[in-house]
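Engineer: What follows is each chain in one-letter form.
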Amino acid sequence: ETGVTQTPRHLVMGMTNKKSLKCEQHLGHNAMYWYKQSAKKPLELMFVYSLEERVENNSVPSRFSPECPNSSHLFLHLHTLQPEDSALYLCASSSSARSNSPLHFGNGTRLTVT
Amino acid sequence: LAKTTQPISMDSYEGQEVNITCSHNNIATNDYITWYQQFPSQGPRFIIQGYKTKVTNEVASLFIPADRKSSTLSLPRVSLSDTAVYYCLVSLTGTASKLTFGTGTRLQVTL
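Chains A and B, in that order, give the protein sequences.
What the first sequence shows, in the working numbering, is residues 1 to 114, in sequence order.
What the second sequence shows, in the working numbering, is residues 1 to 111, in sequence order.
Hints are computed from structural coordinates only; laboratory data are not their basis.
Careful, some of the hints might be misleading.
[What the hints assert, rightly or not] DEER-style ranges, computed between Cβ atoms:
1) A:P8 - B:T53: 20 to 30 Å
2) B:E17 - A:R110: 29 to 39 Å
3) A:S62 - B:D11: 39 to 49 Å
4) A:E84 - B:D11: 28 to 38 Å
5) A:K22 - B:N25: 32 to 42 Å
6) B:S74 - A:H79: 21 to 31 Å
7) B:E17 - A:S62: 46 to 56 Å
8) A:H79 - B:T53: 22 to 32 Å
9) B:P7 - A:T16: 22 to 32 Å
10) B:S23 - A:R54: 27 to 37 Å
11) B:R77 - A:E52: 43 to 53 Å
12) B:T5 - A:N17: 31 to 41 Å
[Claimed, not checked] Only pairs whose alpha carbons sit at most 27 Å apart, straight line, appear in this in silico DSSO-like list of lysine-lysine:
13) B:K52 - B:K3
14) A:K40 - A:K22
15) B:K3 - A:K40
16) A:K41 - A:K18
17) A:K41 - A:K22
18) A:K41 - B:K69
19) A:K41 - B:K3
20) A:K19 - A:K41
21) A:K40 - A:K19
No residue lacks a Cβ here, since even glycine has one placed at the ideal position from N, Cα and C.
Chain A on its own, in the form it takes in the complex:
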């Protein structure tokens, strides 16, 4: 149990589907993150939320739409994805987005786009 729970663990979707990834943290943290990890590539930071407000958006295509309804929950809404979007999507949290506090990661959602 990492304190950060992601669902589903695996997802297969077609390019025309709409799906959502869910993340929940039980650590009382104020910042939450979405990272993408493609095969043989470093983790790429996608979005950062601090106290439910988006503070970072690293030039991510609009087919990825994040939502943070409260400090414990984070969603990533997906629509009209491409096969190259297949990757491990990791959610993380930290006590603050403006400190050196360590990141706590979930175990990710393995996404396959067909």
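Position chain B against the provided structure of chain A, taking the given hints into account.
Structural biologist: Here is chain B on its own, set in the frame of chain A:
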């Protein structure tokens, strides 16, 4: 951004001490150095963090020289279960959201 450089891979036998060095030549005054461990199909897991000199916890030690341009993660007496990818990160001053993961070091431990 403070870029980091680590060896791509390392091999070790079980029971040995493993030292993984990370270079971060343009580290800023207020930056901390953090190490993570990642197993396949799992998220990275925090191992240790430090600012200067030496930090030790139940899992590892972190050695940081006075100029802070490099750091060394030391894993005592590794076991097969320590086979993983290890990432060294340096945070941009005051902004954890700028944490940049490099390619990491893939450690393979064998009998």
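Engineer: For every hint, state whether the structure bears it out.
Structural biologist: Hint check:
no.: 1; hint: A:P8 - B:T53: 20 to 30 Å; verdict: violated (44 Å)
no.: 2; hint: B:E17 - A:R110: 29 to 39 Å; verdict: holds (34 Å)
no.: 3; hint: A:S62 - B:D11: 39 to 49 Å; verdict: holds (44 Å)
no.: 4; hint: A:E84 - B:D11: 28 to 38 Å; verdict: holds (32 Å)
no.: 5; hint: A:K22 - B:N25: 32 to 42 Å; verdict: holds (40 Å)
no.: 6; hint: B:S74 - A:H79: 21 to 31 Å; verdict: violated (46 Å)
no.: 7; hint: B:E17 - A:S62: 46 to 56 Å; verdict: holds (49 Å)
no.: 8; hint: A:H79 - B:T53: 22 to 32 Å; verdict: violated (50 Å)
no.: 9; hint: B:P7 - A:T16: 22 to 32 Å; verdict: violated (43 Å)
no.: 10; hint: B:S23 - A:R54: 27 to 37 Å; verdict: holds (33 Å)
no.: 11; hint: B:R77 - A:E52: 43 to 53 Å; verdict: holds (44 Å)
no.: 12; hint: B:T5 - A:N17: 31 to 41 Å; verdict: holds (40 Å)
no.: 13; hint: B:K52 - B:K3; verdict: holds (18 Å)
no.: 14; hint: A:K40 - A:K22; verdict: holds (24 Å)
no.: 15; hint: B:K3 - A:K40; verdict: holds (18 Å)
no.: 16; hint: A:K41 - A:K18; verdict: holds (25 Å)
no.: 17; hint: A:K41 - A:K22; verdict: holds (23 Å)
no.: 18; hint: A:K41 - B:K69; verdict: holds (24 Å)
no.: 19; hint: A:K41 - B:K3; verdict: holds (16 Å)
no.: 20; hint: A:K19 - A:K41; verdict: holds (24 Å)
no.: 21; hint: A:K40 - A:K19; verdict: holds (25 Å)
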